[in-house]
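**Q** The lines below spell out each chain.
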Amino acid sequence: MNEGYIPILFMLALATAFCVVVVILSRLVGKRQDSSEKLMAYECGNIPTGNARQRFPIKFYIIAMLFIVFDIEAMFLYPWAVIYKSLKLFGLIEMVLFVGILLIGFIYIWKKGALEWGSRNI
Amino acid sequence: MGIETGTVMLSIIGPEVVLVLAALGIMMTDLFVKSDSEQPFLMWIGFVGMLGALAVSASFWGKEAAYGFYGMVVADNFSAFFTTLFLIAGGLTLLMSSGYVRAQGIAAGEYYTLTLFATTGMVLMAQSTDLIMLFLGLEVLSVSLYVLAGMAQDSTRSAESSLKYFMLGAFSTGFLLYGIALLYGACGSTRLADIGSVLAQKQILREPMLLAGMGLLLTGFGFKIAMAPFHRWAPDVYEGAPTPITGFMSVGVKAAAFAALLRVFAGSLAALSPHWKELLWIGSVLTMTIGNVAALRQTNIKRMLAYSSIAHAGYILIGVVAGGSAGTGAVLYYLLVYTLMNIGAFAVVITIEQKGEKNLNLSAYAGIGSRHLALGAAMAVFMFSLAGIPPFSGFMGKFYIFSAAVKEGYIGLTIIAVLNSLVSVYYYLRVTVMMFMQEPESGAEEAAVFFHPALAGVLLIAIFFTVQMGLFPSSYLQFAQDSIKMFL
Amino acid sequence: MVGTTQYLVLGAVLFCIGVAGVFIRRNAIVVFMCIELMLSAVSLTFIALSRSQGSIDGQIFVFFIMTVAAAEAAVGLAIILSLYRRRQTINVDEFDLLKW
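Chains as they are written, first to last, in the working numbering: chain A, 125 to 246; chain B, 20 to 507; chain C, 191 to 290.
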């Protein structure tokens, strides 16, 4: 059964070799110029403003934390969707309950102002 | 395999459903009713929810074990006993909190919601017949308590306590999970009943994977019940957490972990009992000795009660080691007794505590007994009971546990335990002596007492049961014995 | 050929690295990451065992481990954040108000 994987192994080796060769070649052939533009932090082509290590608002963290929780809950939707047909009405009711409880949590953080970006102090 | 799995049967998790609905109700009320008078109202929603859950779980009592969710949860006498215990602990905690939360400026909505969620987790742990459910119940309980431990406003100590509890709780969860994984590898199932039947049939009892899994599982549970050498977190967390939550943790989490310990070890892993009984024997001796000796030199009342709670976990472990009808029954009886007397002791601490964690030092208790006679007498009752002095219930609890141990031939363990309880008398009585016989230091401001009707109610209930269960223990013991039939 | 044993050994090694990290590292976030590593090691063990036994229980368990780990991460980061705002540090050795 292992023979089927040989092309993949071959491709893997080829890809690795290509990367290594290109990196080494560019080191050997290219000229090194460290201009100030080149050493600038890359921010999608915009002129960077300020130091990259600056502190940024705590609200990012709060949004990220809320995101983790709600994101993971969505994980349960996939297996549910796969066997939805065989679960029939029971599956639907269970998922409505599940999403309903999540919805209450969502309303709660919304009303508490955790999603406000404005002046509200959290 | 084995049990009839059947259908979903939502009614089996009826107590949890009622508790969660009450918790969601508190959340929504907190959002949409914006007035200052709402606070006691929120507490009462939670309290009514607890009563409702109690009624549902009482309806399970005395019936055949009924399985729900395809055999993942069960409603039997054992779960009904523990659900009752958790709801008593939770209900009294809510009553204790109502004045405290306002006085300390804690966000009431979140506080009550999380208390109810923690109770839900405990009930789920007692009802689970599958390690997945057990893990979920434990996490619902733990995550709620991580937050609750840090809820005291403007207190860096509380936040620190929360972080420590979180770090060590998550760490111990890792051990518990790894133990479950290895057990699953050795037995091929996460169902407790299946694990039990596999172990009863096969000759795999010395398989390293199985033994390692058992050891890791024991480590995980050891953290939760603060068994030495995994007890180090308890004093710090108990000191920093809001006082009603400390009381709740010291009885509720402990009882929930013991419920799960009994279900897993006395139930499914009974075939391995020579191995785990040896470990628990050592754990029990270490736990009570370290708890009692460390409690001797504490000056903060919450820290002292924390070490005392570690010591009591040691006594309860003796009952688990002894096993059988007498030992396991004594464990359940002791947990019930301990819940009421310890919550009572914490209610007194809350009465004397002032905003900003003042008056937690033992010296603040000097002379309170002579100025507030009733309060001093209440504290004396709880301290005598915790020390195991007759006629209070703590004595009967110890008596049943020790006699079960003697009957099973654990004489050495019993002698160590009796010596330990003698040591413990010193620090329990010191509090009483402080309250009645010493005058506050001259110049020190007189400790004011914080009075709240709900708190007085908690004290009365706790005193009543501490005395009554000591004088008439037989019906409570019968209640405990009826709950453990399935282990025999 | 990589079999179940190799996965179990990898899981055990990762778990031990996590445990060692919890004891060695002093930064609260790094300690927390080590705990997450322990949970991931357990997940790997579960999946390997589930595969070798042909039962799906282990994979279901991993779902719940992931969910719980996410909930713990959210709560844990919030706790670390609130403590940082009070103490301006996340070095666990400096959290010494309570005798550790």
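Calculated directly from the structure, the hints in this document are not laboratory data.
Think of the CB as a built atom: it goes at the ideal place given N, C-alpha and C, for glycine as much as any other residue.
Treat the hints loosely; a few may be bogus.
Short derived list, chain C residues pointing at chain B, Cβ under 10 Å [to be verified]:
1. Gln196
2. Val212
3. Ile214
4. Phe236
5. Ala259
6. Arg276
**Q** Could you tell me which of the hints above the structure violates, numbers in ascending order?
**A** 1 and 3
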